[in-house]
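Peer 1: Listed below are the residues making up each chain.
There are 2 protein chains.
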Amino acid sequence: MLSSVRAGARRLPRYAGKVQVVRPMATASSVFHNEPPKPAVQTAIPGPRSKAALEKLEKVFDTRSMNFVVDYDKCHGNYIVDHDGNVLLDAFAQIASIPLGYNNPRLLEIADSPQMKSAIVNRPAIGAFPSSEWADVLETGLLKAAPKGFSQVLTSMTGSDANELAFKAAFIWRRTQERDGAEFTPEELSSVMKNQEPGAPKYSILSFEGGFHGRLFGSLSTTRSKAIHKLDIPAFDWPAAPFPKLQYPLEDHAAANAAEEERCLAETERLLASWPQPVAALIVEPIQSEGGDNHASPAFFRRLREMTAARGVLMIVDEVQTGVGATGKFWAHEHWDLPTPPDMVTFSKKAQAAGFYYRDDALRPDKPYRQYNTWMGDPARALLFRGIHDEVARLGLVERTAEVGRYLYGKLEALAARHPGEVQNLRGRDRGTFIAFDSPRREQVLARAKAGGLNIGASGDRAIRLRPMLVFEEKHADILIDILETAIKQ
Amino acid sequence: MLSSVRAGARRLPRYAGKVQVVRPMATASSVFHNEPPKPAVQTAIPGPRSKAALEKLEKVFDTRSMNFVVDYDKCHGNYIVDHDGNVLLDAFAQIASIPLGYNNPRLLEIADSPQMKSAIVNRPAIGAFPSSEWADVLETGLLKAAPKGFSQVLTSMTGSDANELAFKAAFIWRRTQERDGAEFTPEELSSVMKNQEPGAPKYSILSFEGGFHGRLFGSLSTTRSKAIHKLDIPAFDWPAAPFPKLQYPLEDHAAANAAEEERCLAETERLLASWPQPVAALIVEPIQSEGGDNHASPAFFRRLREMTAARGVLMIVDEVQTGVGATGKFWAHEHWDLPTPPDMVTFSKKAQAAGFYYRDDALRPDKPYRQYNTWMGDPARALLFRGIHDEVARLGLVERTAEVGRYLYGKLEALAARHPGEVQNLRGRDRGTFIAFDSPRREQVLARAKAGGLNIGASGDRAIRLRPMLVFEEKHADILIDILETAIKQ
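So the sequences go chain by chain: A and B. Each step along the first sequence adds one to the number in the working numbering, with nothing skipped, and position 429 is 429. Each step along the second sequence adds one to the number in the working numbering, with nothing skipped, and position 13 is 13.
Any given hint could turn out to be false.
Just so you know, same-sequence chains aren't split out, so a pair can sit in one copy or run between any two.
Simulated crosslink set (EDC-like; lysine to aspartate or glutamate; CA at most 20 Å straight-line) [what the hints assert, rightly or not]: (1) K144 with D361; (2) K245 with D461; (3) K226 with E209; (4) K38 with D73; (5) K367 with E443; (6) K202 with D237; (7) K202 with E187; (8) K74 with D136.
It should be emphasised that the hints constitute simulated quantities derived from the structure, not laboratory data.
For reference, chain A alone in the conformation it holds in the complex (with noise of 0.2 Å):
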């Protein structure tokens, strides 16, 4: 934690995680008088209308990745409708970053409001001419929804940026307090504008294989999931720790596991107190998603966090994707029960705002300018945000997609029980919705599943990943799971 490194640390209380208020209300899916009330497919996916669209997208622009083309006036909650008119159950979300459903009214409403399109019109360079609003916007939305403890943000654009900020953060950070008070020398300000040493230390960030953390050129150094996000991309020289490899189900393998959390916890704390290159900051997902939903006890992550502080190594918690409510807390590292707070947590994709939030003054840089852009955020996206925190609120849809999750996760061990071969390693419990599990077949699966009208996503090697929106509910639940097994008995 930041205090540890200069003498009379101030203590910080114990941390018990943000507290839920549970509201008893009708269900979520009560917002949308619209939404389908099943899948229905008639085509091929993608079919010939969303073919000929992607044909003719392909002349400007790369379409390969794309899985098919979407009517989005025509998608209405859980359901997306593609192109041809084939209706889908949507588990995976636009990559886990759509929070209330398509269409959600409450958010059109938002985007109809005369902040919203003051924001589109007049943008601002929020670092220089803020509008007068922006104190408001902020207190009521993005600091609202903050992890406890966490009273200051910055905004930016997306994932990737917003853990690029808080390695800028940390990097300053350490320097500042070695510098402890004096001014840059004129070798640091000469040095630096030729990308040497000392004024562009060799400092690094430590991260974990396996993880994801964006793909700009900071960020996908601390990128651990895939060759292909980092083939001839050049990288910096920084450490990557084992992340545990869990065996599952938890409960028949807990000595094995815990001796491999400890295993790589030893290793973390080599790389910290060798790597040649300082460790500035420690960077980790609550669960490692793109890189296959792997997951580590609140133990391992408690251990992190004594281990950063004991070093005076700062603990960037990247909630990206794990985020807003999905795990059945607002906040994933909420089921860790830590001493202390992290000391930076970033966010993205549900939010639609991004940024990271911090609590220390420290971590703003000793002067001004040395974090700054030109837009640095966007009030559009931060009003979007304040919006889906209280619908979040009003709906108690955090305690909801925990409830639905157990539900879920249940229907998915019977499924396993069914159909051993099929439905390997399911993890997630008591992780809210965002659930998965390994399948031998997986491409087949996905196919057979899309074909069924249920649109799920993959990840790692052979995992399937569940990301569905926080409006999901018991009865898309039975849905995904009939569409699944008939998928994994053909």
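Place chain B on chain A using the hints.
Peer 2: Relative to chain A, chain B alone:
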């Protein structure tokens, strides 16, 4: 250019710049019926209400770089209105990023359209599930606005990440050619996961001293404008060539300036030939903006094009600040009469959307998912850019800006003649309103101009840069000159 490394390079026709159709019409200010007639300043800036708002904001967001707080709903056209009711003529325009005036009525219509609202609440992962309208939005917007010869685009979020995507395209292109059809080797696949060669090659991007290309880790490694942007941030060991330091007025220093450009070209060539980390691409701004409004001749840029083409190095033109009309061409590089277009052109700011244009299929990676991320741009901003481009064409704003720029430049020349010690090195003749000069007492002049009702910006160590919007007219130029002269004389 692309084909030079390969045998059998196809030849491209000589590039004559984009043809602009001049349309006779009413003045652009007829669009803003409620634009204030002149500035009106009642309080110090920031005034008491702005200060109170900044104090509140400071608790949750770093405010040290902020000028004043704005009531955007009260701003119209070229005038910005602060939270104390002060009305200023805005010739800075949110760091050159507002194209068509505050609360532009046509853009407000677009913000109010069903398409925009859908784009806001149903934000797609474009690379996986594009909207059925995406091809049309690109073809009638971003690509209609593209520089001549550019038929493809990769969208992003900001100028900084647009440049990084262009760098990645260059690195992948280079290594793919060297690989010559072979698959990735096991050594590449394993080394890249450790951020090591050969999978993560030590290749480089050449930029110019004084250049600014963004502040993420890759783009910051090419930024060479100010130390404060770079200090304490690790950087890649990439080369920087000198950028010409021209003497003004140009007509009095033709021989010295030509020699200076030759010196810089020779050093660029030497770096391209000798830098230990092979140079995949060169990136250059048409006018170095953040670095102090540094110009070079069209001949200089033609030579860069020839040099890079001959060496199989890609040429990226960073039009983030110069693009979208302010120089009197839609794209500033149209002033150069290049023998062949650049390989990539990056854009953001006044386009509101961001990304890079390219013209050759070879800049699409050989495999999908190599240039990929969750959102891959923002359809909401692509809709806005389409509206901006349509409005620029409808009102002939590029041609108008060229005219107004000539008028403004003439006025500044006269001002410099009256106050030769205060207005030095005037530059930007025939570059629309993209004009700057050096001011020995810059901070005082800027403060007095602001007190007089004129918001203008600084760049480099001593430049004042004018970055009015495309709806800036002769009458606004008159007001600007009056306030500036008063500020200078004080």
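Peer 1: Take the hints in turn and mark each one as holding or not.
Peer 2: Results of checking the hints against the structure:
Taking identical chains as interchangeable, the C-alpha atoms of K144 and D361 lie at most 20 Å apart only when both belong to the same chain, with a minimum of 19 Å there against 47 Å between chains. Proximity of K245 and D461 under a CA criterion of 20 Å is satisfied intra-copy only: 14 Å inside one chain copy versus 54 Å between copies. For a Cα distance limit of 20 Å, the shortest separation of K226 from E209 inside one copy, 10 Å, qualifies, whereas the shortest one across copies, 35 Å, does not. Taking CA atoms no more than 20 Å apart as the test, K38 paired with D73 passes inside one copy only; the shortest distance there is 18 Å, against 44 Å between copies.
Proximity of K367 to E443 under the C-alpha cut-off of 20 Å is restricted to the inter-copy arrangement: shortest distance 18 Å between copies versus 52 Å within a copy. With identical chains, the CA atoms of K202 and D237 are at most 20 Å apart both within one copy (9 Å) and between copies (11 Å). Taking the shortest Cα distances, K202 and E187 sit within 20 Å of each other inside one copy (15 Å), while across copies they are farther apart (25 Å). Taking CA atoms no more than 20 Å apart as the test, K74 paired with D136 passes between copies only; the shortest distance there is 18 Å, against 34 Å inside one copy.
Comparing the model with each earlier hint shows no violations; every hint is respected.
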